[in-house]
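Engineer: Residue numbers (our numbering), protein chains in the order written: chain A, 1 to 118; chain B, 119 to 267; chain C, 268 to 605.
Derived from the structure by calculation, the hints contain no laboratory data.
Among these hints, one or two may not hold up.
What the hints assert, rightly or not - No more than 27 Å apart at the CA atoms, straight line, and that leaves these computed lysine-lysine pairs for DSS-like:
| # | chain 1 | residue 1 | chain 2 | residue 2 |
| --- | --- | --- | --- | --- |
| 1 | C | Lys335 | C | Lys567 |
| 2 | A | Lys113 | C | Lys464 |
| 3 | B | Lys197 | A | Lys25 |
| 4 | C | Lys292 | B | Lys197 |
| 5 | C | Lys292 | C | Lys335 |
| 6 | A | Lys25 | B | Lys131 |
| 7 | C | Lys464 | B | Lys123 |
| 8 | B | Lys131 | C | Lys464 |
| 9 | A | Lys113 | B | Lys123 |
What the hints assert, rightly or not - Only part of the chain A face toward chain C is listed, based on derived beta-carbon distances under 8 Å:
| # | residue |
| --- | --- |
| 10 | Thr24 |
| 11 | Arg30 |
| 12 | Ser38 |
| 13 | Gly49 |
| 14 | Glu53 |
| 15 | Asn118 |
Unchecked claim - Simulated restraints, written as ranges between beta carbons of each label pair:
| # | chain 1 | residue 1 | chain 2 | residue 2 | range |
| --- | --- | --- | --- | --- | --- |
| 16 | A | Leu47 | B | Arg263 | 13 to 23 Å |
| 17 | A | Tyr3 | C | Asp524 | 21 to 31 Å |
| 18 | B | Ile258 | C | Ser581 | 39 to 49 Å |
| 19 | B | Pro243 | A | Glu80 | 46 to 56 Å |
Please read these numbers as outputs of a predicted model, since none were measured by experiment.
Even glycine gets a Cβ: it sits at the ideal position worked out from N, Cα and C.
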Amino acid sequence: MRYLWAFLVGGGLCVIGQLLIDLTKLTPARVLVLYVVSGVALSAVGLYGPLVELAGAGATVPLTGFGHLLAQGVKRAVEEQGLLGALTGGGAACAAGVTASLLTGLAASLLTKSRDQN
Amino acid sequence: MKPDKEQYARLLKQVCPRSPLLRDFLWAFFVGGGICLLGEGVRAAWLAAGHTLSDAGALTSATLIAASGALTGLGWYQKLATRAGAGTLVPITGFANAVVSPAIEFRCEGLVTGVGARMFSIAGPVLVYGLLASAVWGVIWWLIRPWML
Amino acid sequence: MTRVGDTVRFACPPGVEAWAAVGGKKEADGPLAAGFDLLFTDNRLGEETWEQAESTLQRHCAELLLQKADVTLPQIDLALGGDLQSQCTATAYTFRGLDVPFAGVYGACSTMAETLALAGCLTAGGAARRVLAMTSSHFCAAERQFRTPLNYGGKRTPTAQWTATGAGACLVSGRARPGQVRLTAAAFGRVRDPSVKDGTNMGGAMAPAAAETLYRFFLDNRCAPADYDGVYTGDLGIVGSELLARLLEGEGVDLADRHRDCGLLLYDRETQQTGAGGSGAGCAASVLAAHILPALQTGKMRRVLLVCTGALMSTTTLLQGESIPCVAHLVELTAPVD
């Protein structure tokens with residue numbers, strides 16, 4: 001059941017993005033910013049947590065999940081460190097993803113070359 | 119001849135082909151859903167390997183990022199993306215593609231001034247506004263928390 | 268040389284002595300492949316960067332041109348050329364290795380008609396005996412400069428065009444000899460800006476500039492599309508072509524079956540997935556040299572107009588919210604007299 005929900009929720013979040021691109025003047029870059037900020041907001045008001053409970057990776061893998069991760073990290077950090085947590089929580093929460101991307105990028109740039117699309 | 123700008127804008131709207139909504143919808147849904155399904159499988163595998171829930175989440179992200187990086191290097195991710203659209207854009211694999219592709223592209227402009235400087239030229243805004251939103255939420259939580267307990 | 272309105276008409280027309288077209292992979296799979304002088308299956312052309320690859324494309328094109336014309340470098344008085352790379356570098360780097368006086372020309376995708384028109388004026392006026400006019404574009408160099416990295420996954424909008432990987436060159440000399448295609452008239456366009464801000468809809472932005480140049484040309488010269496075997500536009504694509512027809516129709520000019528677009532001739536839009544059609548300075552240049560000039564030479568066509576359109580924005584101005592100013596330059600080419 002978890003797998004089915006992961007597929008449906010994940011697919012649904014992508015479809016919303018596609019419709020925003022096709023039907024509005026929003027560019028892909030703006031859609032991504034909108035997604036991550038929405039993720040933070042939905043998590044803050046307590047709506048995103050239950051979605052993760054239901055759909056697992058279907059909710060965490062889309063970029064809204066990245067926002068949720070940041071919001072959760074900040075919440076925890078504020079509880080531990082007070083106001084300072086507002087500055088440290090987000091960075092700590094996304095460190096794994098960002099550093100993994102960065103290392104992958106560095107490795108790929110050394111190992112491969114840009115490819116023609118023709 | 120000077121076509122009225124408003125008239126021309128209307129003409130433009132008539133003539134320009136629209137995105138094929140149903141096809142875009144299906145591609146985005148099935149590819150995006152498929153990537154999330156894959157993510158769920160990876161997460162289950164990390165959990166089964168004995169990791170905690172939050173560690174398994176981070177490891178899943180890292181796994182998907184590495185996979186996306188490899189496919190980007192091979193030139194396959196962009197091939198899928200020309201059809202899948204938001205299906206490959208919205209998942210974390212799209213974020214990885216946005217970091218890895220400029221790193222590869224600007225390698226010829228140096229490791230520091232090319233790879234280093236350009237790596238986050240596309241994905242940067244997500245980090246900037248994601249972190250901004252999280253900091254704002256942190257301050258709000260700090261303010262309202264005493265009343266929430 | 269006489270001037271009527273915006274048109275420069277050459278009383279003793281300069282001749283197009285020779286031409287050459289060089290293309291890349293997609294161009295090799297396209298319907299005009301047989302007309303090209305040289306086609307590459309690897310768009311890197313053995314170079315380290317895409318920018319170098321474009322310069323190499325031009326070098327091959329220039330060398331082939333000289334060979335076909337049986338002319339050596341010292342016999343060329345001036346080279347006019349341009350491309351899409353910032354600061355026109357592809358061309359400048361090409362002429363690092365070709366020892367002739369060189370003037371860079373930037374007109375985006377309109378550059379081929381622009382250099383030809385200039386070459387016509389300069390040779391007819393006696394400022395140069397023989398002028399080389401050449402332009403190019405390279406899909407990969409353009410993509411990484413104007414859009415996104417090549418490995419970045421993005422979906423193209425339905426109006427987006429495909430930058431051609433190709434170069435085209437012509438050798439223009441003072442007075443057409445019998446048997447040479449003649450450059451009989453030229454017109455430089457006026458900048459038109461229909462307030463299009465979408466950088467992926469070049470055809471939509473450029474159509475009014477093409478319509479303006481054509482309308483004025485027909486008016487100044489008291490002629491009509493029916494007087495020509497072909498009215499070729501450089502890279503309006505499917506969207507821009509439709510717009511051009513409608514704009515001219517509104518002014519009482521019927522393009523009818525005379526209009527053809529270089530961007531739609533170079534590729535098979537459906538099977539080759541080139542979106543709204545080909546584009547880029549190399550598109551019109553290679554279609555001119557691979558398709559139009561050979562047809563004039565063999566007498567398949569008697570008289571044609573080539574109108575190349577250029578979008579004159581930069582990535583900076585687009586990001587700053589500016590709309591896209593466009594221009595269209597025109598040349599009239601006529602089959603040889605015996």
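Engineer: State for each hint whether it applies.
Structural biologist: Here's how the hints hold up against the structure:
1. C:Lys335 <-> C:Lys567: holds (21 Å)
2. A:Lys113 <-> C:Lys464: Judged against 27 Å, a Cα distance of about 32 Å means the pair is violated.
3. B:Lys197 <-> A:Lys25: holds (24 Å)
4. C:Lys292 <-> B:Lys197: holds (17 Å)
5. C:Lys292 <-> C:Lys335: Measuring from Cα to Cα gives roughly 23 Å; hence the hint holds.
6. A:Lys25 <-> B:Lys131: holds (13 Å)
7. C:Lys464 <-> B:Lys123: The hint holds at about 13 Å.
8. B:Lys131 <-> C:Lys464: This hinted pair holds, its Cα atoms lying about 13 Å apart.
9. A:Lys113 <-> B:Lys123: Not OK: Lys113 of chain A and Lys123 of chain B at ~44 Å, beyond 27 Å, violated.
10. Thr24: violated (13 Å)
11. Arg30: violated (13 Å)
12. Ser38: Hint on Ser38 of chain A: violated, closest Cβ of chain C at ~21 Å, above 8 Å.
13. Gly49: violated (30 Å)
14. Glu53: Since the shortest Cβ distance to chain C is 30 Å, the answer is violated.
15. Asn118: holds (4 Å)
16. A:Leu47 <-> B:Arg263: 13 to 23 Å: holds (19 Å)
17. A:Tyr3 <-> C:Asp524: 21 to 31 Å: violated (58 Å)
18. B:Ile258 <-> C:Ser581: 39 to 49 Å: holds (41 Å)
19. B:Pro243 <-> A:Glu80: 46 to 56 Å: violated (29 Å)
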